[in-house]
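Asker: Sequence:
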Amino acid sequence: MTENNPQKFRITSGFPENQRREAAGLFWQAFSEKLDKVLGPETKAVSLIERLLDPGYAISAMAQDGKLLGLAGYKTSEGALVAGSLRDIASVYGVIGGLWRGVLLDLLERDPEPEVLLMDGIFVSADARGQGIGAGLLDAICQKAKGDGFARVRLDVIDTNPRARGLYERCGFEPVETADIGLLKALFGFSSATRMEKVVSPA
Numbered sequence: 002m003t004e005n006n007p008q009k010f011r012i013t014s015g016f017p018e019n020q021r022r023e024a025a026g027l028f029w030q031a032f033s034e035k036l037d038k039v040l041g042p043e044t045k046a047v048s049l050i051e052r053l054l055d056p057g058y059a060i061s062a063m064a065q066d067g068k069l070l071g072l073a074g075y076k077t078s079e080g081a082l083v084a085g086s087l088r089d090i091a092s093v094y095g096v097i098g099g100l101w102r103g104v105l106l107d108l109l110e111r112d113p114e115p116e117v118l119l120m121d122g123i124f125v126s127a128d129a130r131g132q133g134i135g136a137g138l139l140d141a142i143c144q145k146a147k148g149d150g151f152a153r154v155r156l157d158v159i160d161t162n163p164r165a166r167g168l169y170e171r172c173g174f175e176p177v178e179t180a181d182i183g184l185l186k187a188l189f190g191f192s193s194a195t196r197m198e199k200v201v202s203p204a
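At position 144 of the sequence shown (counting the first as 1) the number is 145 in my numbering, and the numbers step up by one without a gap.
Rather than coming from a laboratory, the hints here were simulated on the basis of the structure. Some clues are possibly wrong.
What the hints assert, rightly or not - Only pairs whose alpha carbons sit at most 25 Å apart, straight line, appear in this in silico BS3-like list of lysine-lysine:
| hint | residue 1 | residue 2 |
| --- | --- | --- |
| 1 | K186 | K38 |
| 2 | K45 | K35 |
| 3 | K68 | K145 |
| 4 | K199 | K145 |
| 5 | K35 | K186 |
| 6 | K68 | K45 |
| 7 | K68 | K9 |
| 8 | K186 | K45 |
| 9 | K199 | K147 |
| 10 | K145 | K9 |
What the hints assert, rightly or not - Pair by pair, the computed Cβ-Cβ distance ranges are:
| hint | residue 1 | residue 2 | range |
| --- | --- | --- | --- |
| 11 | E170 | S33 | 20 to 26 Å |
| 12 | S92 | E34 | 21 to 27 Å |
| 13 | L188 | D112 | 17 to 23 Å |
| 14 | E175 | V96 | 23 to 29 Å |
Even for Gly, the Cβ is constructed at its ideal location relative to N, Cα and C.
Using the sequences plus the hints, can you model the full thing?
Answerer: Okay, structure coming up:
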């Protein structure tokens, strides 16, 4: 998949392997507020993310000079943008550190569902925002879902990110349900997450 926008950026499948580190850094910038207490410090977190990223479940926005501007990931029963084992986590944090981190991260996991393409994160470089990149990535994800035979695209947005929720609503996603995370708020920094969906292929 390659979609050209000569003025700003192009949308393409995967991400360049030589920009794996940049992709990991952008991921951390987007989600560090939520994950810092579990995966920090930044050096170790980025090292883990860099290890786990799978370009087979990514759609990227690239500048005309080849710079990575943003990325959207997705998850199916076969794999995900960020997926790893306790062994992967232990390789960065040690056995004990990997064990408790793995248990906590598992609390945030969402299982794929039939006919639903599950988004596994979307993020745009801070200096590239306001150019329509987020909307372009969301549209590409929806086109990917439709082409692969999925009926809906699902994402989850936390209550502390109203800007992202506004983007999703403008792109046609509708709230389905909101779940409170209870005592985990102190650890992850948000109180609830809202499931949002967009129909891409009528039943």
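Asker: If a hint holds in the structure, say so; if it does not, say that too.
Answerer: Taking the hints in turn, this is what the structure says about them:
1. At most 25 Å may separate the alpha-carbon atoms for a hinted pair to count; K186 and K38 meet this at roughly 11 Å.
2. About 15 Å separates the Cα atoms of K45 and K35, which keeps this hinted pair within 25 Å; it holds.
3. Distance hint between K68 and K145 is fulfilled; the C-alpha atoms sit about 23 Å from each other, no more than 25 Å.
4. Simply put, K199 and K145 have alpha-carbon atoms about 13 Å apart, close enough for the 25 Å limit, and the pair holds.
5. Taking the CA atoms of K35 and K186, the gap is near 10 Å; set against the 25 Å cutoff, the hint holds.
6. Distance restraint check for K68 and K45: the Cα-Cα separation of roughly 24 Å lies within the 25 Å cut-off, and the hinted pair is therefore satisfied.
7. Our distance criterion of 25 Å between C-alpha atoms is met by K68 and K9, whose separation comes to about 11 Å.
8. Of the pairs offered as hints, the one joining K186 and K45 holds, with about 23 Å between alpha carbons and a cut-off of 25 Å not exceeded.
9. Our distance criterion of 25 Å between C-alpha atoms is met by K199 and K147, whose separation comes to about 11 Å.
10. A C-alpha spacing of about 21 Å is found between K145 and K9, which places the hinted pair at or below 25 Å, so the restraint holds.
11. The hinted range of 20 to 26 Å is satisfied by E170 and S33, whose Cβ atoms lie roughly 25 Å apart.
12. Roughly 25 Å separates the CB atoms of S92 and E34, a value that falls within the hinted 21 to 27 Å.
13. Between L188 and D112 the CB atoms are about 21 Å apart, so this pair conforms to the stated range of 17 to 23 Å.
14. The given range of 23 to 29 Å is broken by E175 and V96, whose C-beta atoms sit roughly 43 Å from each other.
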